Every structure is written in structure tokens, then in C-alpha cells.
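Line by line, the protein sequences are chains A and B.
Quick note on our numbering: the first sequence kicks off at 76 and runs consecutively.
Quick note on our numbering: the second sequence kicks off at 8 and runs consecutively.
I should point out that these hints are in silico values taken from the structure, not numbers from a laboratory.
Here the structure is a predicted model, which is why all the values come from computation and not from measurement.
Take these hints with a grain of salt, some might be off.
From the derived model, a few chain B residues whose C-beta atoms are all more than 10 angstroms from chain A [stated by the list, open to error]:
| id | residue |
| --- | --- |
| 1 | Met8 |
| 2 | Ile9 |
| 3 | Glu10 |
| 4 | Ser11 |
| 5 | Arg18 |
| 6 | Val55 |
| 7 | Leu62 |
| 8 | Val68 |
| 9 | Leu77 |
| 10 | Thr99 |
| 11 | Gly100 |
Rough simulated footprint, nothing fancy, chain A against chain B, three-plus residues with beta-carbon under 8 angstroms [said to hold, decoys possible]:
| id | segment |
| --- | --- |
| 12 | 82 to 95 |
| 13 | 118 to 130 |
Where is the CB? At the ideal position from N, CA and C, for every residue including glycine.
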Amino acid sequence: MKWIVLPVMGLFLAVMLYAAGGLPDRGDPQAPASVRVSPYYIEKTMEETDTPNIVTSVLADYRGYDTLGETTVILTAGLACILVLLRRRS
Amino acid sequence: MIESFKSVIIRIVCSAMIPFMQLFALYVIFHGHYGPGGGFQGGAILGVSIILQRLYLGQEVSYKRFPPKLAPVLGATGMLIYVLVGLLPLATGGSFLDYGHLPIPGISGAPLRSLGILIVEVGIGLSVFGTMVLIFDSLVRAER
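For reference, chain A alone in the conformation it holds in the complex (with noise of 0.2 angstroms):
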């Protein structure tokens, strides 16, 4: 077993770093996550949210139905541990 798993993940590997050369740069102006919707956000903060905080602005209001879903995960967790750890022994 352990003789195809090596070559297997030998492959994933050298699959891997082949597919990392094709990434943009870090901090690559032209890199496509930064042309898009970024600048919109770092130019259109203040104007639009009065917040001087970018990351606060886009977690909490261009990206606020993201963090309603984080907001039910959490709770959902805390639920879930009165479930799990509060059985009731009879």
C-alpha cells in the first residue's frame, strides 16, 4: 500500500508546484484579485461608509451577509456543545 501512495502523492505534489508557478506575485497590482472589486473599496470607504477602517467596512457591510453566516456558525457551535456535553443522565 505504502508503494502506490508514495508515487501518488510524489504526483500531487509535483502537480502542485507546477500549478503554483502560474500564481500572480505578491502584491501584484495586475494580479486579477486586485483589479476588480478592491480598488472600488479602498477608494469608495470613506465616501460611502464613513468608516476610516477598510477592513471593518467590508466585514460588516459589503460583506455582511458573509459575517451573518460566521455570527449563526458561532452560535450554532455554542448550541451544539449544550447538546453534546449537557446530557442529562438517567
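Given the structure of chain A, go ahead and fit chain B onto it with the hints provided.
Relative to the frame of chain A, chain B by itself:
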């Protein structure tokens, strides 16, 4: 069952630290507009202050000061604040979570969106606070 600590040093230091921790947590929540911080971090610090109180005072006294049944109520209240702030703009013609259409008289536009972010952060903080205390309480009460 957690017993209270007999050491005078620990009792004095903890009782002196807890108000400052809670004040700092409120600062972190409300300063999220201008610096690092926000609801998640501030809520975690608030929860840790209650957990420290549970650890040094013991369960009997600490459960009287902050009842364990209050924790899930606070968590759900925070979530409810968030969802209501999301739903209210729908009534006035905006879209979901569009703080610019919140029905608050007197302000509009960018300051209104800033206020909406603040309300949402307070909701997140309450939710994280309740959940942290809730997890600690259920972990402690499980081993009987």
C-alpha cells in the same frame, strides 16, 4: 465543580483585573471603526472576563453574579440584533443588510451606514460573548 480560590493574591488581582478587561473589551468593540478590533475580538475578551470570574470565585458565587442561563439568551439576542438590522431596510425599500436604508430619522447616507456597522458589531460581540460563556459552562458541568 469549581471551588473558589483561597489565595488572597489571586482573589485581589483577579477582582482588580476583571473591570479593566471588560472596559477594554468595550473599547475594542467600539473602536473597530478606527483601528484593529471589532465584534468578534471584543466579544471574546468579554467572554474571557466572565470565565476568569468563574475560575477564581468558584461556581456558587459566580453563578449568582452571571447566571448560566443568561449566556444562551445573550448569544441569541446578538444574533437577533444582526438579523433585524438586516431585515429592517427591506421594509423601507432597500435590500437585505443595506444599512443606508435603515429607518432611523435624522441621519442618512454614509453616517447611517457607519451607525449600521456599529449596531451589527455590537450584535456580533453579544453573540460571541454568550457563546464563549456557554461553551465554558457546558464543559465544566459535564464532568460531574
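Cross-check of the supplied hints:
{"no.": "1", "hint": "Met8", "in the structure": "holds (15 angstroms)"}
{"no.": "2", "hint": "Ile9", "in the structure": "holds (16 angstroms)"}
{"no.": "3", "hint": "Glu10", "in the structure": "holds (21 angstroms)"}
{"no.": "4", "hint": "Ser11", "in the structure": "holds (23 angstroms)"}
{"no.": "5", "hint": "Arg18", "in the structure": "holds (28 angstroms)"}
{"no.": "6", "hint": "Val55", "in the structure": "holds (15 angstroms)"}
{"no.": "7", "hint": "Leu62", "in the structure": "holds (18 angstroms)"}
{"no.": "8", "hint": "Val68", "in the structure": "holds (22 angstroms)"}
{"no.": "9", "hint": "Leu77", "in the structure": "holds (13 angstroms)"}
{"no.": "10", "hint": "Thr99", "in the structure": "holds (17 angstroms)"}
{"no.": "11", "hint": "Gly100", "in the structure": "holds (18 angstroms)"}
{"no.": "12", "hint": "82 to 95", "in the structure": "holds (count 7)"}
{"no.": "13", "hint": "118 to 130", "in the structure": "holds (count 8)"}
The earlier numbered hints are all upheld by this structure, with none contradicted.
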